[in-house]
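Protein chains: 2
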Amino acid sequence: MQQEVTPLGFTRIKRVAPIAVNTHGGRAKCLQRLVRLDLPVPLTVALGFDAVHQLAEGRPIDITALLNVFGDAPLLSVRPSSEDPDWGGPGAILNIGMNDARHAELAEQYGQDDADTLYLRFVQAYAVHVERLDPELFEFDNSLTSGEALQRALEFYFEETDEDFPQDISLQLISVLRSMARAWEGTTARLLRQAKGAPADAGLGLVVQAMAPGLGGAQSGSGVVQLIDPNTGEQIVKGRFTRKSSDPAAPASATETLYLAKDPRGPSLEDVLPKAYTQLVHWAQICRTRLREEMEVKFTIQDGELHIIDAVRVPRSSRAALRAAVQLAEDKVIPVEEAICRVPPRSLTELLHQQVDPDAPRDVAARGIAASPGGAVGKIVFTSDAAQASEARGEPCILVRRETAPEDIRGMHSSVGVVTERGGATSHAAVIARGMGLPCVVGAGLRINHRKRTLTLEDGRELAEGDTLTVDGTMGEALMGEAKMLPVVKDKWYLQLMEWADSIRDIGVRANADTPADAAVARDFKAQGIGLCRTEHMFFEGDRLTVMREMIFAQTREDRHEVIARLLPMQRADFTELFQIMQGQPVCIRLFDPPLHEFLPSDRAGAKELAEALDLPLSDVTRRIEWLSEFNPMLGMRGVRLGITFPEIYEMQARAIFEATVEASKHGDPVVPEIMIPLVSAKREVELVKARVDAVATAVRGETGADFDYRLGVMVETPRAALRAHEIAQHAAFLSFGTNDLTQMAYGLSRDDAGRFMNAYVQQGVFPEDPFHTLDPDGVGELLQIGAERGRTTKPDLTLGLCGEHGGNPESIAFCRTAGFDYVSCSPFRVPVARLAAAQLVAKERLER
Amino acid sequence: MQQEVTPLGFTRIKRVAPIAVNTHGGRAKCLQRLVRLDLPVPLTVALGFDAVHQLAEGRPIDITALLNVFGDAPLLSVRPSSEDPDWGGPGAILNIGMNDARHAELAEQYGQDDADTLYLRFVQAYAVHVERLDPELFEFDNSLTSGEALQRALEFYFEETDEDFPQDISLQLISVLRSMARAWEGTTARLLRQAKGAPADAGLGLVVQAMAPGLGGAQSGSGVVQLIDPNTGEQIVKGRFTRKSSDPAAPASATETLYLAKDPRGPSLEDVLPKAYTQLVHWAQICRTRLREEMEVKFTIQDGELHIIDAVRVPRSSRAALRAAVQLAEDKVIPVEEAICRVPPRSLTELLHQQVDPDAPRDVAARGIAASPGGAVGKIVFTSDAAQASEARGEPCILVRRETAPEDIRGMHSSVGVVTERGGATSHAAVIARGMGLPCVVGAGLRINHRKRTLTLEDGRELAEGDTLTVDGTMGEALMGEAKMLPVVKDKWYLQLMEWADSIRDIGVRANADTPADAAVARDFKAQGIGLCRTEHMFFEGDRLTVMREMIFAQTREDRHEVIARLLPMQRADFTELFQIMQGQPVCIRLFDPPLHEFLPSDRAGAKELAEALDLPLSDVTRRIEWLSEFNPMLGMRGVRLGITFPEIYEMQARAIFEATVEASKHGDPVVPEIMIPLVSAKREVELVKARVDAVATAVRGETGADFDYRLGVMVETPRAALRAHEIAQHAAFLSFGTNDLTQMAYGLSRDDAGRFMNAYVQQGVFPEDPFHTLDPDGVGELLQIGAERGRTTKPDLTLGLCGEHGGNPESIAFCRTAGFDYVSCSPFRVPVARLAAAQLVAKERLER
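Protein sequences appear in the order of chains P and F. Those letters in the first sequence? Residues 449 to 1297, by this note's numbering. Those letters in the second sequence? Residues 449 to 1297, by this note's numbering.
So that you can see chain P by itself, here it is in the shape it has in the complex (with noise of 0.2 Å):
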């Protein structure tokens, strides 16, 4: 059966034609906007997403009406142009049209050697991205000249192909197209993509260009130009001029590349060409103020006429993209609003990355490749279902991999800092980190054996899982222990950016912070405030785990309370420094939250040790561990039940927090404190613990004398406290949503179990996200709205706050300032990820209007 044949859809890119970013892709519309800027782009083709896609396919397809637009013989580039240049594509393949035939009449027009060189360059491409022959197999050294390099490559190209490199320039051009199409649809290449954020069915567009291909003496040549410097986004003209060697002594293939502007460390095309130069930075900068953005431009000058080929955003470091933002809106190229929502909120977490001081001594465990930049402190684990879990402990881990795979993307998520074992610059952990902004180091000298789940270092000595580990992503090393961190740098351009994005922010952000260095950084990255104070690491330093055994086994409600009662003195110092530090601005502490058998020892050692502490029989401590243990501690004896069951934890630490107040309030602003109750399921719950507070709080103003104002709160973590959020209302001063509960509790599922299979469950699409780092809007997200909703019935000013892991997300965020909620609450290092991202919400709107 004869298959028909399409003929293939294109779009010449003229001056008055728009072209669309989501059907041809970025570059195809940058070039289109070159065109009617009246830069001298040469002729070009735009072939859109569908067109790419009918390629892939392989059906019979018919370019002679693509062809007929370049005239007889042309010499064509194919350029990729996906609707988001991050998503990466196939590379481009230049000097389509290279045949016996031009390559003889370029030979005669320009020289043998540079026809060589152009013809040598399209067989390379060609046997490597369209045939998929070996790379290395057209790979030559200098010791042969251009002409025989190609006589070789076409040899070679014959021998794998028992074919003759083909001379049709139609057969040609259709084997490159097809070739990216594929490419594009390969199954690395979209796990790269989906990685970074394109949708599964994220569309390619080709761009098909006349070539001006520089050839032609010191005249000629072809170049890019920036006006940024990528790094650190300073201004000033960067980018290099490629053009035959003006050494005699230099063997006539041989190249030589030029600086741009004048520069002392050799010559540059500003001293060789200074009207092209002139004319090429004068058209850098009409591409960047009116495409409104810092361009890299590249160009051909063909006997001394300049030609812009091509133009795209300049690759540039999170730090650069920040200044460069800032820089157009103060430069009114863009107004400040565009200025927020150009830098994704997610790459201040790598701007703001901590590093290893360099000057510090350092125990140096392995030297890698340095993959991703930055410094990180965790614990050792050596899979991604222990880095989730260890996410889920609040540890901080290191991932220690033989190599990472695609299923590891979420171990990575879960982890501070990456170490493989194998791998290069561009292995998939170095790709994936540096997306991330994960302080990462691939090809380090260490073992891992899997089944002792330890690692050895190269001089023999040996980690074991839950050691820590300094990753010094910057310098390529791994470190023994915890390593001496510096302080983030924030530059002007940061400040600023964060001045206007608080300027025009119109929902809160606090931080999660439970000790005296979480609240600085929480300060120092200007939180309003704390969302949520967990107290319960407070009960498990040195002497205060022993209380709490202590008071685990007392027999009697007057042993508990005298037990207890030693830990008061701590706790207010706990939190007069916590008030100390936050300067008035709010501080929301839950009280006691974690079930008791965390407390107790685990194992049969322990046990025997503490019956000796507690001058115990042993039995008499199994069994109390007995009675404590559950079948689902998540669903068990925590919180506000432990609270009601033995009072005395929340009496002592509701006396500490008041006095703390009295305390913290004679030397500077009046603290407020709020006072949250954890995993509520009942009014009745809300009023019991609110008698016992308000009689505490009665208490503590009779001895001090001093008066002060708190606000009780709850913490909504059950479903049922946001159906029943209206009758809460009634004693709660404010509603603090905990979505990490809440998300385990909507769907049935267990954080910590969950690993095991969430992945399978999003790669199959069961749950578009994981729902522990992506709010689910459906479910959880209606328990919030409808929280949020009778709570405010009840209570038109009630507070209402986000504190789960969701809280510094930028979809959660723009959940809670549509669902009309005061503050998120977020960890202290995502504090200005939250900030940027609300000022987004409100500038995106400002920009639509």
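Simulated from the structure, these hints should not be mistaken for lab results. The C-beta atom is built at its ideal place from N, Cα and C for all residues, glycine as well. Hints may be right or wrong, so weigh each one.
Stated by the list, open to error - Here are some of the chain P residues that sit facing chain F, going by a computed Cβ distance under 10 Å:
id, residue
1, 751
2, 908
3, 912
4, 914
5, 915
6, 1066
7, 1067
8, 1070
9, 1078
10, 1079
11, 1083
12, 1088
13, 1089
14, 1136
15, 1156
16, 1208
Said to hold, decoys possible - Below, in silico cross-link-like pairs of lysine to any residue (SDA-like), each with a Cα-Cα straight-line distance of 20 Å or less:
id, chain 1, residue 1, chain 2, residue 2
17, F, 974, F, 964
18, F, 1138, F, 1114
19, P, 900, F, 790
20, P, 900, F, 940
21, F, 710, F, 720
22, P, 900, F, 914
23, P, 780, P, 790
24, P, 938, P, 821
25, P, 780, P, 761
26, F, 1292, F, 914
27, F, 940, F, 797
28, P, 1138, F, 1210
29, F, 1114, F, 1072
30, P, 900, F, 1262
31, F, 1056, F, 1074
32, P, 900, F, 1064
33, F, 827, F, 914
34, F, 686, F, 658
35, P, 644, P, 754
36, P, 900, F, 710
37, F, 1292, F, 1262
38, F, 477, F, 569
39, P, 710, P, 644
40, F, 1138, P, 1208
Dock chain F against chain P, hints included.
Just chain F now, kept in the frame of chain P:
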């Protein structure tokens, strides 16, 4: 300061002044109705709840007005009048007004002996109930005459109180009233009536009546009459009449008790006072038809003249209550709807109780007191927590305690039988067990060793926690192992009532049945199908467990598939049998639900054995067990998550169901199986399973050449599934709400772990009821409503059911009916309860119309 004296409020009972039960209690109300029927009731005064509450408070109260009603020197009785006779109350106190003067007067009138007896009885009652003196002090044997006993009683009274017996009738009466009021408000009385459903603020009324003392020889005396047998409900004149002995040889104070109707065993009232007898029976019949209830009528005969002094509902067994209600309806005294409403649904549990076969050989473990009838088999547990955990696991258990206390009530609810080491027929365990219809033996000859968790029998044998025990509460014995049980007798009255009930009921009742035995019971109890067939037990039996373990250790999907295929014939046989038993009624099969680690050994020895069986290194086995263990199994990899991760299990089950469908449909009505997916939280889960199940159905249809229908539905157990019911219903023919898990997730509360604080929580009113026993109408209930409404929005003919353990509770049934559910499903033995409860909802509406 002089306290204000309040006059006591009261109401004289008259023909035309109705009395309300909720202000004066049932006895007062009943007496007013007797007066309205022109029965010869002595002068009576009723005290309302408020008045009695005032009395209990102890402020000075003036009863002059009350006493004036009764004229000079009356003899009075005081009886309690609570809102519901089942709620108990203090005993009656008679002969108030007896004092030395009255004593002399009566001796004159009726003889010394009668006067002595009357005075003695009053002194005894007053000493014990008002002055709270030791009852033994006031018990005298027959060696004393009434006169001598009276003398001693008055002496003892003086010795104990340092005061003469009070002569002032006003003082006597107020003291009696106060003591009765206070007894009602005591803790024990409150707990006991609350166990019977009384609200915390239930009031007590009192009735003060002029006495017709029934003195004056053979023509005088007192008695009771009722027209049914209180055990069986049979229509027969029952009662007694007590008068002074007619035996000339008897001492002057001797009495004799006569039958009422003629009786071959001895003299009767009908023999000696035929006119009074005829009159009495006539009046008793008037009471039955006019009061529309089987009444126990108290009467006295004074010199041949009949007085009706009181009437109460005949205290009766559940069986008699049912028969009485049916007979009253058959006699057109009450409408059928009222008969339906009169039988408490929970009483059917008692009525339909199994009995241990008295003729089968029995191995007696311990003998004790037959405290509550019926027989039950279960595993021994020693604590209420263990009982609740056992119930949660679905394992019937026998609670064995030294003795029980109010905090054990929940544990008793979770048990099928109770045995105590201590206590008698009126001990806590005995009283509560009878109230619950729970087989119970108290004071059993055994010894509990709490430390070892064993019990030692009198013959030295030892039983451990988890061993099987049979309780024969009818015979007062605990039996080793599982004794042979007799099927429940369902008499024609029961059948008539249930026929009426089913004829008006408008919500379906199905049974949760996992085994053919369960299914047979379900059919026997007229369940309208199986609402929940859990399939996991089918994987634990014998060989199947081995297969499951092999599957868990299979390396590849193909291996897993091959291993699991070995279960296919067994599962097919399981389902074929179920379908055959249910004869075409719907059978809803829930696909595999539990986490895989439940199939693995939990200790080292078991792991070693398994390693041997599978020929694997122990380390492989332990690593797998570790990998599968979970922090929160309730929220882990189970249900549909397992079904999607290891699709082989659901595919095998679907095949077994369809092949069984074809098989069972050959010989009977066509079977339309219902397949239910557990633990769904997202629509896509349903889509994925549905695609696979549909494919299996197509395959089986092709292979067998038989056509069949089936319905695929979803078990709504997560809050998110309820919230997204509109999406989920797109792919579901039915939604069945699993309220056990839904409650756990709405509250964030594991049922297995809640026992530790649930009692305290309910006592403090944090939760009004244990939400695992009584459906939480607010939180969980709203999720049910939301799910039902949203599901029906998508699919108006969506079938809605409830299959949690709440399914049999009258409150839950009412909730589901209002929410438009099609059926509830409960354990087979609760099916009659549910059928009756559902019918009562309709009956009540009709009666109120």
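query = Are residue 1066/P and chain F close enough, Cβ to Cβ, to be under 10 Å, as the hint says?
reply = violated, 14 Å
ask   = Are residue 938/P and residue 821/P close enough, with their CA atoms no more than 20 Å apart?
value = holds, 16 Å
key: Interface hint status, residue 1089/P versus chain F (Cβ within 10 Å)   = holds, 6 Å
ask   = Measuring from the C-beta of residue 915/P to each C-beta in chain F, is the shortest one below 10 Å?
value = violated, 20 Å
message = Interface hint check: residue 908/P, Cβ to nearest Cβ on chain F, cutoff 10 Å. Holds or violated?
response = violated, 25 Å
message = residue 900/P and residue 790/F were given as a pair; does the straight-line alpha-carbon distance stay at or below 20 Å?
response = With a Cα-Cα distance of about 71 Å, the restraint between residue 900/P and residue 790/F is violated, given a limit of 20 Å.
task = Assess, step by step, whether the Cα of residue 900/P is no farther than 20 Å from the Cα of residue 1262/F, and give holds or violated.
result = violated, 59 Å
request  = Verify the proposed pairing of residue 644/P with residue 754/P, using a straight-line Cα cut of 20 Å.
outcome  = violated, 36 Å
message = Does residue 1208/P hold up as a contact with chain F if the rule is Cβ-Cβ below 10 Å?
response = Result: holds, 6 Å to nearest chain F Cβ.
request  = Have a go at the residue 914/P hint: is there a Cβ in chain F nearer than 10 Å to its own Cβ?
outcome  = violated, 16 Å
ask   = Under the criterion that the straight-line Cα-Cα distance not exceed 20 Å, is the pair residue 1292/F, residue 914/F satisfied?
value = Violated - the C-alpha atoms of residue 914/F and residue 1292/F are around 44 Å apart, more than 20 Å.
task = Would you check the hint for residue 827/F and residue 914/F, treating anything up to 20 Å between C-alpha atoms as holding?
result = holds, 5 Å
When each numbered hint is compared with the structure, violations occur for hints 1, 2, 3, 4, 5, 6, 8, 15, 18, 19, 20, 22, 26, 29, 30, 34, 35, 36, 38, 39.
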